[in-house]
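K.L.:
Chains as they are written, first to last, in our numbering: chain A, 1 to 112; chain B, 1 to 116.
Keep in mind that the hints are not guaranteed to be accurate.
[Said to hold, decoys possible] Stretch-level coverage of chain A by chain B, calculated; a stretch enters the list once three of its residues show a Cβ under 8 Å from a Cβ in chain B:
{"no.": "1", "stretch": "77-89"}
{"no.": "2", "stretch": "99-112"}
[Claimed, not checked] With beta-carbon atoms standing in for the labels, derived distance ranges:
{"no.": "3", "chain 1": "A", "residue 1": "G85", "chain 2": "B", "residue 2": "A1", "range": "15 to 25 Å"}
{"no.": "4", "chain 1": "B", "residue 1": "T113", "chain 2": "A", "residue 2": "R108", "range": "39 to 49 Å"}
{"no.": "5", "chain 1": "A", "residue 1": "S110", "chain 2": "B", "residue 2": "Y54", "range": "37 to 47 Å"}
{"no.": "6", "chain 1": "A", "residue 1": "D63", "chain 2": "B", "residue 2": "S100", "range": "38 to 48 Å"}
{"no.": "7", "chain 1": "A", "residue 1": "Q17", "chain 2": "B", "residue 2": "K70", "range": "40 to 50 Å"}
{"no.": "8", "chain 1": "A", "residue 1": "G85", "chain 2": "B", "residue 2": "P9", "range": "16 to 26 Å"}
{"no.": "9", "chain 1": "B", "residue 1": "Q56", "chain 2": "A", "residue 2": "T13", "range": "19 to 29 Å"}
It is worth saying that the hints were derived from the structure and are not from the lab. A virtual CB, placed ideally from N, CA and C, is assigned to each residue, including glycine.
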Amino acid sequence: DTGVSQDPRHKITKRGQNVTFRCDPISEHNRLYWYRQTLGQGPEFLTYFQNEAQLEKSRLLSDRFSAERPKGSFSTLEIQRTEQGDSAMYLCASSQTEQPQHFGDGTRLSIL
Amino acid sequence: AQTVTQSQPEMSVQEAETVTLSCTYDTSESDYYLFWYKQPPSRQMILVIRQEAYKQQNATENRFSVNFQKAAKSFSLKISDSQLGDAAMYFCAYRLSGGSNYKLTFGKGTLLTVNP
Chain A
1 DTGVSQDPRH
11 KITKRGQNVT
21 FRCDPISEHN
31 RLYWYRQTLG
41 QGPEFLTYFQ
51 NEAQLEKSRL
61 LSDRFSAERP
71 KGSFSTLEIQ
81 RTEQGDSAMY
91 LCASSQTEQP
101 QHFGDGTRLS
111 IL
Chain B
1 AQTVTQSQPE
11 MSVQEAETVT
21 LSCTYDTSES
31 DYYLFWYKQP
41 PSRQMILVIR
51 QEAYKQQNAT
61 ENRFSVNFQK
71 AAKSFSLKIS
81 DSQLGDAAMY
91 FCAYRLSGGS
101 NYKLTFGKGT
111 LLTVNP
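Whole structure, please, built from the sequences with the hints as guidance.
P.N.:
Next comes the structure, spelled out in structure tokens:
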């Protein structure tokens, strides 16, 4: 069990650019979640996958955001045309069905 | 919609002393889970303890225990014999039981400082 891995740890980009983050869950976990955490707040749910199927998206996930989990393994979260308000920590978590979620270290996004 | 409230933005405790972190939640559901997660600075979120709502007995994990009051919708965390390594942001979280989406709803967190 190597834990949930996220890449990159930090991303600095200019407003308007596209960014993509990757999450590698714990290998036997069938569920994968993305959360966003802004300063002084708890994480907020964005979307989740069961295997390769994306089953729910939060209203926080505007049409500039897209997530995929091809083959039910790693997942990517892409943000197009980044805005200042997208600056946050993006957390990935995985679990095996009803078991507690295990979190990665997160990707901190800073928009210049 | 479910909400989780942590009314203590910051708490401090002396090493070896006991501290209690508060959490209240709002839900119309009867079957759910409650969690406390710990997030050290620049490190990943770690599960501290969880409680199933249908269980009356309070969960305990070594120095960590909870006081779960279902009727009052209260779920506090007690840390006994506090250690320097306990310093972190603590988040209370709620999750429905059953259904298909096990997303967590978090409170805003309580920053715990442990003084030597």
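K.L.:
Kindly indicate which numbered hints from before are broken by the structure, ordering the numbers from low to high.
P.N.:
Violated hints: 1, 4, 6, 9; rest satisfied.
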